[in-house]
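Visitor: What follows is each chain in one-letter form.
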Amino acid sequence: MNWNFIIFSVIKIAIVVGVVQGMVAYAVLAERKISAWIQDRVGPNRAAPPFVKAIPGLGPVLIRLGLFQPLADGLKFMLKEDFTPAGVRKVYFWLAPAIAVIPSMLVIAVIPFGSQIGHQQMVISDLNVGILYTFGIVSLGVYGIVLAGYAANSKYPFLGGIRSSAQMISYEISMGMSVIPVLLIVGNLNLSQIIGWQSQHGWLALYSPVSFIIFLVASFAETNRLPFDLPEAETELVGGYHTEYSSMKFALFFLAEYSNMIASAAMMVTLFFGGWTLPFWGLDHPAGNLGMGIAHILVFLVKMLLFVVLFIWVRWMFPRFRYDQLMDLGWRKFVPLALVNILVTAIVLWAKS
Amino acid sequence: MSNTATTETKPAAPAIEKIKVKVDGRELEVPKLMPDWQGKLVPTTMIQACELAKTDVPHYCYHPKLPVAGNCRMCLVEFGTPALGPDRKPVINPDGTPKIAKSPRPAIACATPISPGMEIYTQTPGVKQMREGVLEFLLINHPLDCPICDQAGECKLQEYSVDYGQSASRFVEPKVHKPKAVDLGPRIVLDDERCILCTRCIRFTKDIAGDDALGIVNRGSYNTLTAYPGKVFDNNYTLNTVDICPVGALTSKDFRFQMRVWFLKETKSICTSCATGCNIIVGSREEKVYRYTPRENDAVNACWMCDHGRLNYKWIGRADRLAEVRRQTSEGRSEKTTWTVALNEIAEKLKKAPHGSVAIVASARQTNEEFWLLKKLADKFGALTDSIGYFGEGDKLLLNVDRTPNRTGARLIGICQANVGIKMMVIADSIKVGKVKTLIVFGEDVTKSSLDAELLGKLDTLIVSDILPNETTKRAHYLLPGCAHVEKRGTFTNIKGRVQKFMKAVEAPGDARPEWEFLHDLVYNVTGQDGFLTIEGLFNEMAKDVPAFNGLTWAGLGDTGVTVPT
Amino acid sequence: MIVNRKPLTLAERLYLPAIVGGFRVTIRHALRSLFGGKTVTMEYPEQKWAVPPDYRGAPYLVKDQDGHTKCVSCQLCEFVCPPKAIKIIPPGPAGELADRPNAEKMPHEFEINFLRCIYCGLCQEVCPEEAIFLLKDYSLTGLSREEMVYGKEKLLALGGVHGGIQKWKHKLEEAKEQENFPVKV
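For the protein sequence lines, the chains are F, L and Z, in the order given.
Under the working numbering, residue 353 is the last one in the first sequence; the count climbs by one each step, no gaps.
Under the working numbering, residue 919 is the last one in the second sequence; the count climbs by one each step, no gaps.
Under the working numbering, residue 1104 is the last one in the third sequence; the count climbs by one each step, no gaps.
The set of hints was computed from the structure by calculation and includes no laboratory data.
C-beta: ideal position from N, C-alpha, C; glycine also.
A couple of the hints might just be wrong.
Coverage of chain L stretches by chain Z, computed from C-beta distances (three or more under 8 angstroms per stretch; other residues unrestricted) [stated by the list, open to error]:
(1) 654-664
(2) 690-704
Computed, partial: chain L to chain Z, Cβ under 10 angstroms [claimed, not checked]:
(3) 390
(4) 439
(5) 441
(6) 497
(7) 517
(8) 544
(9) 607
(10) 619
(11) 621
(12) 668
(13) 775
(14) 885
(15) 887
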């Protein structure tokens, strides 16, 4: 334990959490803008802080883009009445949003978002069992939702909670199994090592495309995004598990959903698309100077944002699955497929050696 | 069975022969003679027979309590009588029924007596046409000002226009314009354009009120109702003409433009302005009383009531109504309190009071039930009780000399003697010598009678319940806000011994509670006797206890009451 | 009737054509609204909706051709109003007469609570004097509940002049011709 480690870790945690929170806010804006464009609308274009209005030329453009909408949204969440309905189970009711949001933040800890700046690894914790840690933490996320559904003491949240627990547990299996071929190929559980392997051999999405597809679909299901948003299906369940929540507690669920989305995007980039590496311009080996270090971080962010946009885009593309279709896809298609995928990869690797 | 109440006090009339008539094909038996407006037995008319047959015959000028005029022609009906052959015997149809000779001309149902075997037709196309024709004539000069007419909603012209009127007028010539908003008297405004000349008001004023003041002048279309020159229409019964006016010609200055009648909630009640106890309907909306109108009760007031009683309602909604329970603290300051606190404290004080140290002054405006509860308190303490009488000038029609609604009830229950107020001097003397230390006053300003402010100052405890503030309420140690009669239920006994009940029309202001409710609580606190928490139960209990009321029940009183021997 | 599900083809079961189709449709719309400027949004305060001629907006009191109050306080609208949004205080016997000849009365106070009003138009339909009309105002706002209760003066000011039937004018002219009553021959 040395002071250097503690200080740099605290700095990294602060920056990463801050960036993720900011990305969540702007992911919401992106969600609203992209949905608007897809639906031939304009989207948020009114939030106008007074000082921005005064900027000649640029001000109106920024306002038109809705860049200040997240600020207004956040402020509104703070000012709303934090209402606790009568008849809720109070302790769980207050606990659930926290339990939902904490795991989504913790996942980011093991993801290498850059190579290195100076001697600092651009990862909060370079864990040897990074993938196991990730799956362990992600599976905790379901508790927040189930608890919220239970604590609200109301029909719709309860149904939402039930659906969500069944769905998340089902897809965790195929998600977990989809990653095993990656581990077989790389032979390591450390995420930095996986990226290192990819910088030498090429992206794993090319080696194991089936794994990537299963992982992609499963992460849609894990993050409760359309077409798998059954836990909060508005048309059926009012608001799903967060029906009875308001104000900041509701905002925490929102935060959890979007941070989950960002974490999933980061995981996919790390596991299948080479993390912070690019196979050209010498970006495929750890940075020797500050410029390259920052370039690596930017590469990672751009890759991740592309996936976030994909998440958002898909939401406005497809209708929601029926519950039986959802379970059918999870258990009868993806689980066997993942098992076959493991077997084939193992056989190929055995044959090669 | 001298104590048993009798429902009607009519002398046993000799049996009246019944005759058979048919109304719209339905046969029924009708008495040959029926009482007219004066109560004299005269041959039954067709309109009375139709009423017995529950067939509605439209009419304007006919009124069961007024002489028949027969000038509106709205009640025209067709009829037939059994045909007589040359042998002066009824002709029989082949099927055995008597042959009916249909009258070639219609007749006015209000003035045509029936005869045996008569058939009356009220629904034929001819009758319908006649009604339409009459109505069209009536509407020729009638203004279309229903939106500003106070009668709208209870207007016969409107009602029959719906049934028999035409949607558009065929009359294109200018209407005859007559005087509008004529000031007929201190309480009546006349709109001559609306008048349909039925003369109900003229007949009422001349024959019932006995003040021949109204008449019709000019001829033809220019017929105009007016007061005789130099005469003011100001007798005590003028407002009845507003009730009987089938249209909006006569309107009450008091109720004019106050509220549309269809908003008014109608509550059966009793007038409290004199001992006659006229049956009334209280018209109220949103806790505000707008008017009294008479309710038919042939044993008391027929269809009428006097202007004096009719206009005596404005104090009910006064802003200075007592609405708080108050008590005087030991420092002599008046403070607001709650019913529970006040009633418990009063009960404690009363329990400690020695026998004979309590006096009760009740009001002859209270209900029988309240008297009975007060009597229970009085019996417990051996209290002196009395009431205060109010007397004015009476008249021969309805207004009684006694201006309190329930002195008879107070006497029958034993609160006061036939000579009301005779014990007030005794109470005053007892206070003066210090024998009476607690005085309970209900609804009276005793400082205006023999108990002046100085005497009240000598009391240990002065418990006052009233509706409006006065000198006595200012000095009360405990002030209990009560209810006006339209804010509670109960019964009054009128001067002739008729026990009549009245219903609640509006909510009492603030904390005010019906007197019988808190008296019941007080009696229970003091004596431990439990009665009934409903007015029905309380009345039935009282009827068992008070000899004069034996055999009565709340339900048995009906809407028009029961007369008991006084 | 039972509609049997059509068995899905292999392609449909793989969802792939649907996925591709989804991307194509959404990106087409996104590009069109981003660069073609073809959006369906009406940007409200700047762009306003063309109110159709028979639109039922807020009910206001109107004045007659001479600028007098048409309402005679008959209270039929108060009676018919389903949400009880209208409250009229009649003039009473001592109250003000109508501000036009012959009509005898007008409301002492006339209030419409626009928080309650449901814009059904029954008041307009029932009014025998054609004194209340549903005009085209649709965006009524206020900062307090009291502010949303419009009084007589405000309703009359918002309503404007409406000729319509001139029953009282006709009546007055007729009566003037018969000034000397009874008619002397």
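Visitor: Please go over all the hints and tell whether each is borne out by the structure.
Guide: Evaluated hints:
| no. | hint | verdict |
| --- | --- | --- |
| 1 | 654-664 | violated (count 0) |
| 2 | 690-704 | violated (count 0) |
| 3 | 390 | violated, 32 angstroms |
| 4 | 439 | violated, 55 angstroms |
| 5 | 441 | violated, 53 angstroms |
| 6 | 497 | holds, 7 angstroms |
| 7 | 517 | violated, 20 angstroms |
| 8 | 544 | holds, 9 angstroms |
| 9 | 607 | holds, 7 angstroms |
| 10 | 619 | violated, 16 angstroms |
| 11 | 621 | violated, 23 angstroms |
| 12 | 668 | violated, 18 angstroms |
| 13 | 775 | violated, 44 angstroms |
| 14 | 885 | violated, 37 angstroms |
| 15 | 887 | violated, 32 angstroms |
Comparing the model with each earlier hint shows violations of hints 1, 2, 3, 4, 5, 7, 10, 11, 12, 13, 14, 15; every other hint is respected.
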